[in-house]
Amino acid sequence: MNKFLMSGNSIIGEAAIRAGCRFYAGYPITPQNELTEYMAEHMRNAEGGIFIQSESEIAAINMIAGASVAGARVMTSSSGPGISLKQEGISSMAACELPGVIVNIMRGGPGLGNIRPSQGDYFQATRGGGHGDYRTIVFGPATCQELADLTMDAFDLADKYRTPVMILADGMMGQMMEPVVFKKPKPRQYSNDFILRGAGEGKSKFIHGLILDAIDMEEHNWKLARKYGVITENETRHEEHKIDDADLTIVAYGTAARIAKGAIKRLREHNRKVGLFRPITLWPFPELQLRALSQKIKNFLVFEMSTGQMLEDVRLALQGYATVWFHGRPGGAVPTPAELANVVARYYDKKD
Amino acid sequence: MTKTIFKRPKSLKENIFHYCPGCGHSIAHRLIAEIIDEMEIRGVTIGVPPAGCAVLAYNYFDVDMIEAPHGRGPAMASGIKRVLLDRFVFSYQGDGDLAAIGIAESFHAANRGENITVIFINNAVYGMTGGQMAPTTMLEQKTTTTPAGRHKSLDGYPVKVCELFSQLKGVVYAQRCTLTSPAQVNKTKKAIKKAFQCQKDGLGFSLVEILSPCPTNWKMSPVDACNWIDEIMSKEFPLGVFKDDSTTTKKDREAV
Chain A
170 MNKFLMSGNS IIGEAAIRAG CRFYAGYPIT PQNELTEYMA EHMRNAEGGI FIQSESEIAA
230 INMIAGASVA GARVMTSSSG PGISLKQEGI SSMAACELPG VIVNIMRGGP GLGNIRPSQG
290 DYFQATRGGG HGDYRTIVFG PATCQELADL TMDAFDLADK YRTPVMILAD GMMGQMMEPV
350 VFKKPKPRQY SNDFILRGAG EGKSKFIHGL ILDAIDMEEH NWKLARKYGV ITENETRHEE
410 HKIDDADLTI VAYGTAARIA KGAIKRLREH NRKVGLFRPI TLWPFPELQL RALSQKIKNF
470 LVFEMSTGQM LEDVRLALQG YATVWFHGRP GGAVPTPAEL ANVVARYYDK KD
Chain U
424 MTKTIFKRPK SLKENIFHYC PGCGHSIAHR LIAEIIDEME IRGVTIGVPP AGCAVLAYNY
484 FDVDMIEAPH GRGPAMASGI KRVLLDRFVF SYQGDGDLAA IGIAESFHAA NRGENITVIF
544 INNAVYGMTG GQMAPTTMLE QKTTTTPAGR HKSLDGYPVK VCELFSQLKG VVYAQRCTLT
604 SPAQVNKTKK AIKKAFQCQK DGLGFSLVEI LSPCPTNWKM SPVDACNWID EIMSKEFPLG
664 VFKDDSTTTK KDREAV
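As you go down the protein sequences, you meet chains A and U in turn.
Anchor point for the first sequence: position 10 equals 179 in the working numbering, and the numbering is continuous, going up by one each time.
Anchor point for the second sequence: position 34 equals 457 in the working numbering, and the numbering is continuous, going up by one each time.
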């Protein structure tokens, strides 16, 4: 298979088109502009491909909702402030059970923040993000190869569960270049029952999230909850790195996990046995898998480019069975592996 | 021999409208459904109802429909239409939906010349939420959020959608009409038909603004509400065709 050297943002675009995405709408925001530009150039060359530069992120998410219900594979992308604007539409897509892929190339926040890589949108992504009782599947890729693979998988899962799926990466992932191989996409499996193309001679359909009767709305919520339960059971993914002999395990995702791997290399050179637990799905969080580790490892350190968001999920997962430390660099600061190694070494040396 | 001169359009379901007595929505619904029947496009039409009193339009129209979040109808309709070029796509919107929260989505769908039709119900008030000020509320008009009347220095001026949108090159057809008499109802029906025909011919964005009575929130009888439209509201919002580029656009298209 051919290898390509591409930037993360372009890889997401190429993977999406190869996965059969034929409708993209987006609004410029740094640090994800290369993705919008990639789609502008390449989507129009793809057979049946449609690109719209929307007037806002709100319009973009509603355009992809419309294109989704019309039967297309759809994607939009943005960064922090723009993702906040999209939440109304993401909630609506979750309610109406419309598939679609939303890419968040995170930047420093809150507010306008800055355009440096950050991981401050974890809560927003993994708790639904918009109003109401729903979740989105969230992937946290850590390599350009994973950007390609998980983007393709995101479309499959969006269809399989009829739900919005988010790719949660950051400015570092979006801007970096790495060689990548695009896997062969699976043929799309999606029932015509959920597509509006006009009623023809048959019965008309309507798709809506407005359910005025409380008991009916309750049942809709439980139906969604059951679906999220099935997703949690079947789609949770994580990576374990050098944990067989580890006395301390770093828990990190995305760019932070890359830094952690560099730190672990340094720590092991000085005989500190440190491993990495890396959630690949941030929702569903690999809770049971992490808890199982606490049988033999009693020291965990959560490292995030935030003030501690995934930290809460780690504490919930470990249920007090192990010690949990935290190191964070919010606001767009990106530590070096050496810095993290120093921090981890201090904790390592004072552990029981 | 008896001759049927009036019947329920096939594109309307058997459900009884929930709209208040004297409300314009039910007439507007029927007109759209009649035109869908006449143009024989029931099977290829997709409608996008708004948030507002007409949020339940899918209980009445017997065509495929998907509800849009408040104001986002034209964005959603753009997405549908771009994927399904040969389908009829219409967005049905109120004044808050189109001219306040959704002005950006409506304006830019119009400016892109999306080949969709927007039916715009202007009743100068937020109906569903209980009669608050709309962007089209008249100066001095009392609403629950303008209890002393809409004041220009505090609340701004009524937004004139047809005047505004007819400036956009992407808009091929824009007409304002009303429902206050059988003659006006017939004119409105013709306007909707013309707008749908523009879409059928692939000419671009078509808009029909309908001045529509809201007796409940205006606190008037249905007859007084119609009179208020004729005597007061239509002075601020004059009826008529604001733009009709259908002939020239059609010629240009044919030349290409």
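Note that these hints are calculated values from the structure, not bench results.
Careful: at least some of the hints might be erroneous.
Simulated crosslink set (DSBU-like; lysine-lysine; CA at most 35 Å straight-line) [to be verified]:
#1 K372(A) - K565(U)
#2 K575(U) - K374(A)
#3 K374(A) - K658(U)
#4 K575(U) - K433(U)
#5 K374(A) - K565(U)
#6 K372(A) - K433(U)
#7 K372(A) - K613(U)
#8 K430(U) - K392(A)
Here's how the hints hold up against the structure:
no.	hint	result
1	K372(A) - K565(U)	violated (44 Å)
2	K575(U) - K374(A)	violated (44 Å)
3	K374(A) - K658(U)	violated (40 Å)
4	K575(U) - K433(U)	violated (45 Å)
5	K374(A) - K565(U)	violated (40 Å)
6	K372(A) - K433(U)	holds (12 Å)
7	K372(A) - K613(U)	holds (28 Å)
8	K430(U) - K392(A)	violated (40 Å)
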